[in-house]
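Chemist: These are the residues of each chain, in order.
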Amino acid sequence: MSQTSTAPTAEAKPEFWRWQENCWADETKDWKSAKAITVGIDVGSVSSQCVVVADGELYAYNSMRTGNNSPDSAKNAFKGVTEKTGLTLNDVHMVVGTGYGRVNVPFSHKAITEIACHARGANYMGGNGVRTILDMGGQDCKAIHCDEKGKVTNFLMNDKCAAGTGRGMEVISDLMQIPIAELGPRSFEVDQEPDAVSSVCVVFAKSEALALLKAGYTKNKVIAAYCQAMAERVVSLLERIGVEEGFFITGGIAKNPGVVKRIEKLLGIKAMDTKIDSQIAGALGAALFANTLVQKQGPQAPIAC
Amino acid sequence: MITAGIDMGSRTVKVVLVEEENAGGKLNYVVKGKHLMFPGDLDGDAAADKAFDEALSSAGLDRAKVSAVFATGAGRKMVNFATDSVTEMSAGAKGVSWFFPTARTIVDVGAEEGRGIKTDGTGKATDFAGNEKCAAGAGSFAEAMSRALQLSLKEFGDASLRSDKSIPMNAQCTVFAESEVVSLIHSSTPKEDIAKAVLDAVASRVCAMVRRVGIDNDVVLIGGMVHNAGFVSSLKAAMDLQEVKLPDMPEFVSALGCALLAAERQH
Amino acid sequence: MIANYGYKDGSGEYYISIDTDKCINCEAGRACLTGCPKGMFETMTDDYDDEVVQIKQNFRRSLAYDCAGCKPAGGYTSLPCTTACTPGAVKHSW
Ligand code: SF4
Ligand code: SF4
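Residue numbers (numbering that gives the first Met the number 0), protein chains in the order written: chain A, 0 to 304; chain B, 0 to 266; chain C, 0 to 93.
No wet-lab data here; the hints were simulated from the structure.
Be aware that one or more of the hints could be misleading.
With a Cα cut of at most 35 Å, we get these calculated DSBU-like pairs of lysine-lysine [unchecked claim]:
no.	chain 1	residue 1	chain 2	residue 2
1	C	K21	A	K269
2	A	K205	B	K76
3	C	K37	A	K150
4	B	K244	B	K25
5	A	K205	C	K21
6	A	K220	B	K76
7	A	K213	B	K244
8	C	K55	A	K109
9	B	K25	A	K205
10	A	K218	B	K49
11	C	K70	B	K164
12	C	K55	B	K190
13	C	K90	A	K205
14	C	K90	A	K150
15	B	K49	A	K205
16	A	K264	A	K295
17	B	K123	C	K70
18	C	K55	A	K295
Here the structure is a predicted model, which means the values were calculated and not measured.
Whole structure, please, built from the sequences with the hints as guidance.
Modeler: Written out as structure tokens, the structure is:
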């Protein structure tokens with residue numbers, strides 16, 4: 000890993016759907032003195048994360064782009080941590096895989112859905128006040144409601160429709176010829192907040208956006224109308240599972256203020272701040288599940304690969 | 000008596016002029032003129048106006064001769080000079096009855112809509128089910144995929160006829176399906192097989208919608224996809240039918256129905 | 000837990016929700032598995048180690064079309080799945 004940072008903060012530079020690779024370890028701790036070391040691996044469609052938990056506390060993580068196949072992405076994510084901390088698979092007591100490639104993590108002992116892992120991870124990062132979790136990634140959107148223990152009580156997922164995913168945002172970025180990271184900030188540079196684009200469908204919204212440009216809208220205003228539509232859509236999904244205070248946002252969407260601020264406004268609730276980069280929520284949850292399992296079942300022998 | 004029907008689709012404007020003849024107490028309707036136009040930069044009302052003029056001049060008529068103008072289609076409210084407007088379902092059913100009085104089920108698949116209409120033989124729509132707001136259930140799904148294959152929609156349809164494979168498509172969204180098609184191209188899947196997979200997918204979605212109104216013979220297909228031979232064949236397979244009837248001026252069916260309704264309402 | 004399977008797209012919201020708390024000790028002998036003519040339900044062990052039912056993966060992105068057969072446009076009074084599930088764990092959003 001080339002990049003390192005000293006504190007587990009979210010990147011300062013807004014980067015949307017394009018993940019900044021990031022590797023971090025808590026230098027105040029020594030994994031060698033920990034009784035239980037567990038690993039969570041989250042292989043998503045866009046990025047993959049590896050999180051190490053020592054005695055139930057976050058110790059290290061590595062985040063990188065998902066490569067051509069899930070097994071290699073999982074291995075590479077773990078390799079980054081090894082290079083940074085010296086920790087190898089032989090030192091780990093249990094590995095849990097999650098994310099869409101969870102069944103293809105060659106060295107994992109168990110696979111747990113990203114829904115349960117996100118809730119568990121968010122509960123650790125945001126504290127036991129977290130109730131509503133929104134995770135919007137490159138190709139899907141999840142809304143989760145959980146209890147004070149981080150156990151899922153209600154969830155839904157949408158991976159059928161590109162509207163309301165990072166992919167929908169990419170389409171407008173292409174159409175406007177504006178880098179995806181600039182969409183959020185630009186959406187606020189308007190004389191007046193426009194109405195949302197009326198079509199939900201990305202294909203039809205595209206024609207609508209072109210028509211708005213023709214009708215004299217500035218690019219920024221079209222982007223604002225599009226971000227508003229995206230926010231309204233996300234809110235309607237959240238309402239299906241019931242929104243409660245303790246709102247936690249993870250995934251690429253967290254880095255687009257153009258959508259996040261509009262969601263907050265519609266809900267009348269502010270998203271929680273976190274010191275830890277929220278993109279590791281899934282892998283962190285997986286590692287915490289592994290830790291609980293080690294407490295119950297004892298350490299597992301490493302699976303060579 | 001002359002009446003006009005204007006169909007304001009999402010991309011094109013269609014106008015049909017109809018003359019009512021009284022042949023010994025029996026009313027007959029004859030198409031006197033028609034015109035199809037892409038509105039380009041014109042706004043709805045102006046585009047409708049221009050298309051109307053073109054249709055009139057093709058028939059050698061002037062406006063004063065026209066007793067009533069009805070509008071239909073997504074933009075029907077934009078036609079300010081129309082005397083009334085009717086839904087696409089009513090217009091479609093009426094238009095189809097002019098071609099095929101035996102029609103009972105109408106499948107209407109255009110660029111932006113896919114729907115099933117049930118009709119009773121008098122040209123009335125009795126029930127309908129459709130999907131107009133997700134591009135994956137309509138012709139534009141096939142259009143987007145034909146673009147990815149660099150084929151015209153017609154070539155795309157013809158190509159699919161040369162395939163006998165059925166590859167399932169996983170993506171149910173136009174946007175995600177584009178990536179799926181690109182990866183099929185990269186894995187050297189023949190174009191014919193991709194085209195068939197895409198048209199089968201649209202046909203099965205349309206068919207599911209039509210089943211909601213029931214499939215009774217005769218079944219008639221209208222809308223832009225009539226021109227796509229591959230789609231017609233996929234649709235027959237999906238609906239398990241020997242025959243699907245096709246009108247010979249499919250894009251004008253709704254405008255025609257509209258003009259016929261305008262004539263009937265004058266009595 | 001309420002598990003919602005399905006999606007929202009431009010044309011509407013199509014979710015089947017399963018209340019897994021009612022599902023764990025099913026009092027209907029898992030009647031949904033055979034009640035659905037399309038065989039859309041299957042059992043699984045969830046993340047908290049309970050045996051519950053879910054909607055099979057290959058149906059989750061096409062529910063509007065898959066369930067169309069049970070939902071004639073002219074209206075319907077009951078669905079095979081919700082009727083079979085007497086504990087009332089299955090609900091449709093549309
Ligand atoms: S509404 Fe549009 S973006 Fe959504 S699934 Fe349908 S085609 Fe895709
Ligand atoms: S509505 Fe019909 S097809 Fe859909 S889940 Fe229920 S029983 Fe199955």
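Chemist: Which of the numbered hints above does this structure break?
Modeler: Structure breaks hints 5, 7, 9 and 16.
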